[in-house]
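Asker: Each chain, written out:
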Amino acid sequence: MYSADIRQPLVTGGKTYSDVTADICRPIENKPTNSWWLGFSIGVVLLLVLAGTLAWTVWEGIGTWNTNKSVMWGWDITNFVFWVGIGHAGTLISAVLLLFRQKWRMSINRSAEAMTIFAVFCAAIFPLFHMGRVWLGFWPLPLPNAFGSLWVNFNSPLLWDVFAISTYLSVSLVFWYLGLIPDIATVRDRATSKARKYWYGFFAMGWNGSAKSWGRYEVVALILAGISTPLVLSVHTIVSMDFATSVIPGWHTTIFPPYFVAGAIFSGFGMVLTLLLIARHVMNYQDYITTEHLEAMTKVILLTGSVVGLAYITEFVIAAYSGYEYEQYAFANRMFGPYAWAYWTMMFCNLMAPQVFWSKWARTTPWFIFVISIVVNIGMWFERFVIIVTSLHRDFLPSSWVMYHATWVEVGIFLGTFGLFFTCFFLFAKFLPVINMAEVKTIIKDKE
Amino acid sequence: MSSNNYWKGVEELDQTQEFVSSNANEFSEGLPLEQVFSNDDSTRANRRDFLKYFGFGLGAVSLAACNKAPIKKAIPYVEKPDNVTPGVPLYYASSSVSNTEGFPVLVKVREGRPIKFEPNKEATYFGGGLDGLGHSALLSLYDTNRLKGAMVAGKRKPIAWKDFDKEVVTALNKVKAAGKSIAIVTDGSTSLLSQQAIADFSATYNNTDVVAYDPISYSGITRANNTSFGRAIIPAYNFDKADVIVSFGADFLGTWISPIKFHSDYSKNRVPKNGKMSKHYQFESLMSLTGSNADVRVPMKMSNVGQHLVALYRELGGATPHKGMEVAGNNIKIAAEELKAAGNKGLVVCGSNNEADQLLVNAINMMLGGYGTTIDTTNYYMGQNADEAAFTSFLSKAKSGAYGAVITLGSNPVYSYSGTEDILAKIPVRISTSITMDETSSNATHIATDLHPLESWDIKQPYKGRFILAQPTISPVFEGRQASSSLAAWAGADVSEKNDLSHAYKYAKKVFSSAVGGDFNKALEMGVVEKTASPSVPSFNITGGKAADALATKKGAATELVLYQKVGVRDGAYGNTPWAHEMPDPVSKVTWDNYLTMSMPDAKANDLSTGDVVKITVPTGSIQIPVLIQPGQTKSTYGIALGYGRILPDDVKNDLKDLGQNAYPLVEMKGGFADYTIGDVKIEKVAGAPTYEFGITQTHYSIEGRDIIREATLDEYNIDPLAGSHVHKPKMISLWDDYDYSKGHHWAMAIDLNSCTGCSACIVSCSIENNVPIVGRDEVRRRREMHWLRIDRYYSFEAPAKKDLELSIVHGGDQTVEAGEQMTKEKVMEAYSNASEDESTAYDYYENVKVAHQPMMCQHCDNAPCETVCPVLATTHSSEGLNQMTYNRCIGTKYCGNNCPYKVRRFNWFRYNENEKFDYHFSNDLGKMVINPDVTVRSRGVMEKCSFCVQRIQSTKLTAKRENRKMNTDEFTTACAQTCPSNAIVFGDLNDKSSEIAQLYANDRSYHVLEELGVKPSVQYMTKIRNTKATSTKKAH
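From first to last, the protein sequence lines are chains C and P.
Heads up: the first sequence begins at 1 in the numbering used here, then just goes up one per residue.
Heads up: the second sequence begins at 1 in the numbering used here, then just goes up one per residue.
Incorrect hints may have been included.
Here are some chain P residues pointing at chain C (derived, C-beta under 7 angstroms) [claimed, not checked]:
hint : residue
1    : 340
2    : 894
3    : 898
4    : 941
A short list of chain P residues far from chain C (calculated; beta carbon distances all over 10 angstroms) [what the hints assert, rightly or not]:
hint : residue
5    : 6
6    : 121
7    : 144
8    : 478
9    : 713
10   : 727
11   : 785
12   : 999
Rather than coming from a laboratory, the hints here were simulated on the basis of the structure.
Just so you know, even glycine gets a beta-carbon here, dropped at the ideal spot from N, CA and C.
Chain P with its partners taken away, still in its complex shape (with noise of 0.2 angstroms):
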């Protein structure tokens, strides 16, 4: 304190009383609070308040102004991560995760997002393509409603992982003490990884019963195989080894064991090669995927199946006498000689799920010696080792009280063994893995939530010998934690992640250097391993005749009900995949639904039409269905689509809330086998329910006779290899001048009909790579559907008999059909129905169809129709052959998707993207994630169309420039392209002579779909040759 004292006054000096007082008061004047608070409006705001009122509003207003401020931040990375340039994509090698066996894919990433899955080229055996399933899947690492972490019932929120553990390895030490059994309930994964955690944890926890359990059962050829060799397996099929395939109701294309596989084997030899092609016979009851492309196609009754096997089986020389078998036709005879001579090149397949039919099956094509070319027995395969036999004993196990503990590793049986939910309530503790709250994880008392296999280390064996690694591709998204470390947890380890390695990761290289063995790192690079031994023929201890005799007395049913999955959507298990819903069914063109397939005879019997909703009675149960009538289905035959029906968590949006039937329950348990074929059918029409109707991509099935899809038989090839493309046309003028592409490339594709078998891959990829928004069934069923590539299918229906036809004059006036004669017109299939006296055989022909598969996209006409008529020019022509679209400019007149001769272009009818109504991933932050930056999300109002893959033209050419070099054409290709599993689709560039597509270009199966218009596509198809019997033996001139 300073000596000097100052005073401000001389009061202050004198410390007067006055002074005193009024200097314990912080204001000398005092404060206005009177006038504040009193009700005096005139006083209230005066001028000295000015600015606090002034700074309050201000400070409110601004306040108010922060709330819902749409902030949108473009972080650069501060470190970057090594190799992750911002737009550069990175390929990591993994696995599929659509299915358990697993399937080898490179994922696309960009940013750190997974955003695509593209086939593995380095998995030759695989053959290089994807199904649309396993593209839709990636969305279920977007999926808004995963589980969020470790939760326990009765609680909403995630708990901790550590508390999560004590608790399980409590209720699990209280079952052991209790000298109760564990079960744990697998997917039939073939995961190494959790096949190691299970045997870690059986090895603590000694009372584990392990149950393998998959909706899809093929007991019937693991069981046969076990009688017939001794081994429980389910062989590898080649069929690019064979020349001749006979398949009864197998769906090998579509459904049945391995389809993406035998989809390139198959390919193989679809094309003809020095006049040779590979011949395939299908026997079925449905339309399959598989039975639209057979060269010889014979509608059966699947209940009947073991009657064709014995005469098939007769044919091929074996002893056994029985006549009067339910054979249609002379194909079994006419199969039988050509498999004779195909000798071990011969391959018969059959999808029945009992091991009688499997039993001669066995017998037969070990009669054809396939075994050890066409059938490999050492390297198997292994994605299914599931048995409905130990599962329903462990149900009956279940049942009697005998579990303490249940773990559902990745399984979901409540949806799909009907039954299991009652049984599974029995025991106390239900422990399930799943990352959505599913069917089975909504029953559970703890869910210890997984990780999406896209973060995920795994190490798989689809087949014996080859091993397929996954790696994570992005951290995980929510609190999950992978269920072989789970498993190890509970059985004592620690799991937690130490120097930023997970358990996984050090338990994926143990389980590696294990079973597997070498370089670990090579190894995930390269996405597969093969160490595979040289096929072995087994020993049979069956014979032929034994098994024929057990069959040759089982007749067919009446009646029959097939149950049968779907291409897009398999066995169901990934319900929320939204792509794979609208993905519009290979044969029956219908998105998000399922329904009773029936043949047209039968609906006309029972007065049905296509959207009556019917009650299907069998003796496992009874659903009400819509009608769907099939061409080519077998008389008396019904299908419904397993597979639909989830009950997925409550807040899925829109479509997703109702996906059908589940058909499950009707699956008949006979003998021990899951039976997927049910006899004795009541079908009853709903009285006074509504005509549902289908959101159905192409509702015209008849090619009107029209030059669309040429095709020829192999023989009328082999004489003339431009049979049914040899066609004479004027010579064209054109107003316009050509375009020059001499400089620079010329993009074209050429699509062969041969090969394509319809799967639709590519029509998923193509939707993904492009942002191509999902708009559900409502707008489907307003044709309104966005896909940029769709396939095509026309239906040709064969006349039973000679008939002269009524036809009025505009459709060509009386003609007369001629027996055999593919009818490809409505109004002749109308006039031969009514030609028919018999009303119950008037519409018989429906059985007898050939169907043919047609890709169809933006065909970057060089006088493109669209380009001309657009007022803004926002479509315009490349100098590099593409038909471009500038959405930015576009207005939307529509006149050129109307002006399109394809009708390919697709119209933006509402804002798809932030819009609640098609809120499937475009809507919300997460499911956003899949968006490829690369090409633009477009607005309400815009045309859009095939682009041929702008952004990949781009991005490889400025990789060439960036790199100094010539761009080379074969570096990169169209999304289709790379996706289909049989290589019908090639994209190129014509000006590089030695391209594939150049040499496809100058094959005189070429042709381009309405060339006539004189448009100049720049996309050519391929004439389909069907190896049957020649229609014609002379030289085209």
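So that you can see chain C by itself, here it is in the shape it has in the complex (with noise of 0.2 angstroms):
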């Protein structure tokens, strides 16, 4: 196929295909090496944190946090959004870029959704830890039941949660599995130990590879990319519902849902790139992740970021024209109130610094970029930080304003769910090719 000597090759370094299969199946045919073993006892012990803190909180009652009267949501709604929001790269990358036949995001898409679902996986703990009354978290489930006429209320934007972020996982959970299993075969094709043939075999289905299979392989894929591609859109979108819906100042905003999305997907790319960025180090992939890879991330991050940052001056100057002295004043607040300092940590992280990547070199500079996603990282925090608290904190009454600040508890548990994530994908990195070498193979000789 001619392609043009414009563009770059997607994949460097001149991989041949049993090259290909060499290098991603390495990780998982030979022992783990130190830096995993580093990362994967870093994740393990932050894991712990997560399981004593989440303890100590439904021992003693969600009172060990530092939620209060007026600030009823605090760190764990902000977590729950900020870990839903990261999940969102990997079904953009994986259905929306495939429909779009993005090709350069073969070499990332595995990871990306891995992150996705080891992220709903850490966002799900926060709405279900976050109930007074966790032992009964099935009841926002529509289960029949013998109660008489108990039922959910579908009014309820925790309710649409419920479905949104359950199809979300679903979805994503599939799409992933489908995906593994071609290089699920390889992997057991290659197995030299009989657990391993067993298990790998096992996973694989049956994958024999014949042309029929792969046939309907990439049916499914398409269909299951058209599935999700809403879902991309839906989950974000009823996400902000919870606070569009309320009567909250800040939080009644129809601006939401694309602000979210936008938002969404800035913090999902500022992820990846976070995590590829180490993978790519650590594994020595720079010639499958190469920096035209990173270079189109970064273009993502700077037009979602712009995006993000046009909502926050567009919410402003409607509570500004809006006339109606609540709303002003919330805005008002989180710019010169007490929780200044996380508005503008927020517009720094998510408005400023992606405006470097304008630049060339900011976008072809892996450490760089590493630092610029862990300050977008930052920032996707705070923005949902400051939405939540400091709308919450002064709402309508100033009887019943007040401030906020989180304990030891609703601190472990966030850094926990990063020892939840990073064991996941340590664990991930170990036992499944991180890349998908199926894919790859198509584009070693094909140019972006």
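Combine the two chains into a complex, taking the hints into account.
Answerer: Structure below.
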């Protein structure tokens, strides 16, 4: 196939098909490296922190947090939205970019999807454990029951969340697994021990690599991509409705759905970059995850960051224009109130910092991208903090105005979710091919 | 014995040697003891032992399992007492327990347990309300620290009353024989039973001295009255008859003399009727509850009160020539004009405990002609008969060793009068009648443990000719004995119970027939008996001029410390009242602590901020205490609340262990008067002390210019009844269908901001009625108080001068503040201070504040934002307009709480019952007796909020249904409305067109808070009208 010289190759280093297989199966077939052990151990330690702080919360009550009579949601829901947001990049990369035939996605979609799933796991912890009675956490499910007319409230955005997130998680999981099947089969075929042969064989579901199999595989992938694409928009739209349908100034805003979706893609790409830059460095995958990939993703960051920034400004202008004193105060308070530091942190991280990606050097310098990706992650956490806490801490009646600072338990749970995330991610990197071998093989001679 | 002998075998018949020897053994084969006790495991347990081991094992396991098995019994009455039906409350007329003078109440009793005080509406003179402390003191009945019976020093266990009496009588006789005296120190109680018992006791022991002691003294008034017209009394003040009230530091709505009665009287004239309402001037140094309600509040130094009184006297036409008085502004002049116009409908009161001040107050009231109308000296107040002069002479006599015995009858001078402990220690026999181990009883040699007032008979006379009867509503919880019976027993009477009738009952009947007369049972039923005379005007023998001359040269101190009482715990007599401690102070909103109040300019000058710990030194002593900056406080004045720093028994729990600082040692004895205003204050920041964090329920004190509390002046209101409430709003469109309330009831509430004084009695009443947990100081710090009902308090500040302010664009940009304009926004105030060139006066406007109180509870919105967001339908709307909470269904997402615009929802962050950390009364068997059985005790992790007392609605409905009639909506009301001493809260059925609520809803002053949200609340507020000069004379269009 002809491709213009101006296009950069998608995979560098002149890899052959067998190189790809060897490179990508290496971490699975060899003993884990020291850096893997280090990362994994940190993950497990943080996971233990998560277990401990959650156990303490359930044992003592949510009183161990510092949420109070006015700010009833604090770090918990901030973290929830943060993690759900991070989960967005995976589906976007695998589904939307698949539909748009963006071939550069092929070497990053696997890990981005894995990240999505682990992020949704992390996110799910918060709405569950922020419940006063977590042991009744199944009540928001519309389960037929013997309690008479007991039913769920379909008016409640929290219920919509339950549906949106469970749908998202299940579709993402199926999509991810489907993509894994040919690669698992490759690992199965290369397996030298009985156990590996059995387990990879089990999960390969009898994949035989026939043309028929491939044909069906691609059709199903396309269908799932079609199903997933609206989910990219719907999940964060619905999450944003937790706020947008309320009456609280600073929450009650119609701009929230697109603003949240853009923010989610922004934060998702931030996190994908963070992870890929680490993986690329640790696993020596520079030839598969090239600076071209990094550059493409920084462009997405630049775009979505600017969309989010525009949303911030729009929000403020609308508030000023509304003539509604509560709304006006909510935004004045964000900028100049006691939490102004959080607001300006957000503004800097999300609106200003990504603007550096106008420069080609910034887009192609991995260490710099890494720094900015961290900044974006921080900024997006603060965005949710600003929306949730600064709106609640000073709403309508000044008598109920309060301040809110997290306790060590809340901080511990947040750090702990990183433990869960990284533990899962390192296990994934050890036991599954982090790059889609089958797909990458189709593009090693291809150009962008 | 039968002649037939049977034999088991031929061996027996033959009686062989072998048989005889083996027959002597019980078991023919011998016991396998060796096997059992040998170490050979194989033979240790054989087949035959299986049952033995099995049985033993089973028994042991069952025994072990019996340990701590939770056995809960619900035992029905074997013989049901008359009138007691499980689930149906009984009401007994009785007297409140928190104040010694007595206040009529109804005691709600469920299954033999008193669970709530409700006002006795028959006692119209007292107004039909209650205060926070009055409610809270109920818990003293169920206090696990109550003494269990008669105690003798050195023994931990109670001894039999018979032995105890013998010991006391021997000791008292020994005192008599030694020629020494016996002192009885009473608490100034108006109990006729105690008085009779003391009289009987004194008849036997004629060497008895009786001294009355009260922690708070009003002897300035009594002695001034003695000088003025020869009677050492405190008159009855009738605020309902006063059109103009001028108070100099008298917190008559909060703590002065008889505040609950004053509340109801005062509020009668506070709602404009026919274009008129009373006018209230308050001159004071600290911001009191009363001051916060005044139409005109003038900051003044309390040490300078004499000068103000002289000025007022002069303005009223008195003939004193003095000039150069230290009086700020011309408010005295305006007040004098209005008083003059009001004539005998003017009333001047003064909180100073100084005879000279009070003499001049008498002279002023005499000039106004208020005696006989606003001041009644005939049916005078009797709740205070203590005089510190008598007490100090008792102390000096005790010091000299004249007393052989002292009986402290319900009083606790060791706590509130410093130095008493050492002097009392000189008296060999010290008998206390306390019901807990308080400061005085822990120093006693004998404790004749009294019964709790709710277990006692009593007749009290708080006002001359007005009697209040108290009857037991529970049989004694512990082995106490009523103090009057103890005194009688020591005087030789037989006080044992006969025919199930206690000595106190017979005694009460006897006292009733001699002192009151009439039908005892009828009196018990009503709770009050009135035998008053028509008021007469006393003849005066003072001249105001002389009194004024005496004060004219008495200038105020440069700095002063004012010792005051907080509305919650008052004089501190009831230390163990967690409800009262958790009730936020109506002014400062601080719970659980006392503190040094100071003005903002002083704080800025000393570089102090709220929470800094300072050492305050006055000539009488010094204490370390955290600072609280109080808007409205006069510059150079400081305030500390009395009643804190109690030393409660060792086993009190949690925050009761740490109740602030005791300021009683700072009270100055000046010329025989306990002076609560002490000059010459030094403030020094304690180096290295960490900032103290108060448990404070409201930290933001400006209203931010929001349309939450609507206000107007009386003039504006007279021109236009819609004044202050006239807003242009767009027509609201609702996405929801309106509820149809045309059938059945439609519950609603109206709150008159004019009547509401912010006294907070409703908060405590609500908490008790609805089993609202007490969470303690630390949880309040974390902003998690559980009160279903709160009172929001906002300050607005008057700009002293015109200033151009620089504000950022988001705060409205540059603007000009005119002199006299009310500043209600935080940023405007900041900018105003910044615009002042002179640092020392930049915060002076903090002195001139206006205060507004607003009770806030669930608004029971028709379009409730909380209802739509609950994922599990735990909060729903009833067909009668109630917003209902289903605790069992709640999973605790807290979304409803976030989405509530009024922030009235409360979450159970912890398990507040059965939890040591929160054991105030919810976690011990005795304290749990006070729980209202009609209301669920909420579990951890669920949301709760005001229910409009749905249990009361329901029980009234059921009663009506049982009686086959329609329910009358005035049959009941909510706990808050019922308790309100100023009738500010009205609850009822809007569908009943004749009801008070329906009429109030039609009132022009009515409005909904945040009505622009379209949530359609069911609580309506009524515009606050201040009786001040009009700011606008135009009629709103």
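Asker: Decide, hint by hint, whether the structure agrees.
Answerer: Hints versus structure:
1. The criterion of a C-beta within 7 angstroms of any C-beta in chain C is not met by residue 340(P), whose closest approach is roughly 40 angstroms, and the hint is violated.
2. Satisfaction of the interface hint for residue 894(P) is found here, the shortest Cβ-Cβ separation to chain C being roughly 4 angstroms, below the 7 angstroms cut-off.
3. For residue 898(P), the interface hint holds, since its Cβ comes within 7 angstroms of a Cβ in chain C; the closest pair sits about 5 angstroms apart.
4. Checking residue 941(P) against chain C: minimum C-beta separation of about 3 angstroms stays under 7 angstroms; hint holds.
5. No Cβ of chain C comes within 10 angstroms of the Cβ of residue 6(P); the nearest lies about 71 angstroms off, and the non-interface call holds.
6. The claim that residue 121(P) is not at the interface with chain C holds, since no C-beta of that chain comes within 10 angstroms of its own (minimum 32 angstroms).
7. Residue 144(P), annotated as away from the interface, keeps every beta carbon of chain C farther than 10 angstroms; the closest lies near 25 angstroms.
8. At the 10 angstroms boundary, the C-beta of residue 478(P) stays outside the reach of chain C, the nearest C-beta of that chain being 35 angstroms off.
9. Listed as a non-interface residue, residue 713(P) keeps its Cβ farther than 10 angstroms from every Cβ of chain C; the least gap is roughly 23 angstroms.
10. The Cβ of residue 727(P) sits about 13 angstroms from the closest Cβ of chain C, beyond the 10 angstroms cut-off, so the non-interface label holds.
11. The Cβ of residue 785(P) does not lie farther than 10 angstroms from every Cβ of chain C; its closest approach is about 7 angstroms, which violates its non-interface assignment.
12. Listed as a non-interface residue, residue 999(P) keeps its Cβ farther than 10 angstroms from every Cβ of chain C; the least gap is roughly 28 angstroms.
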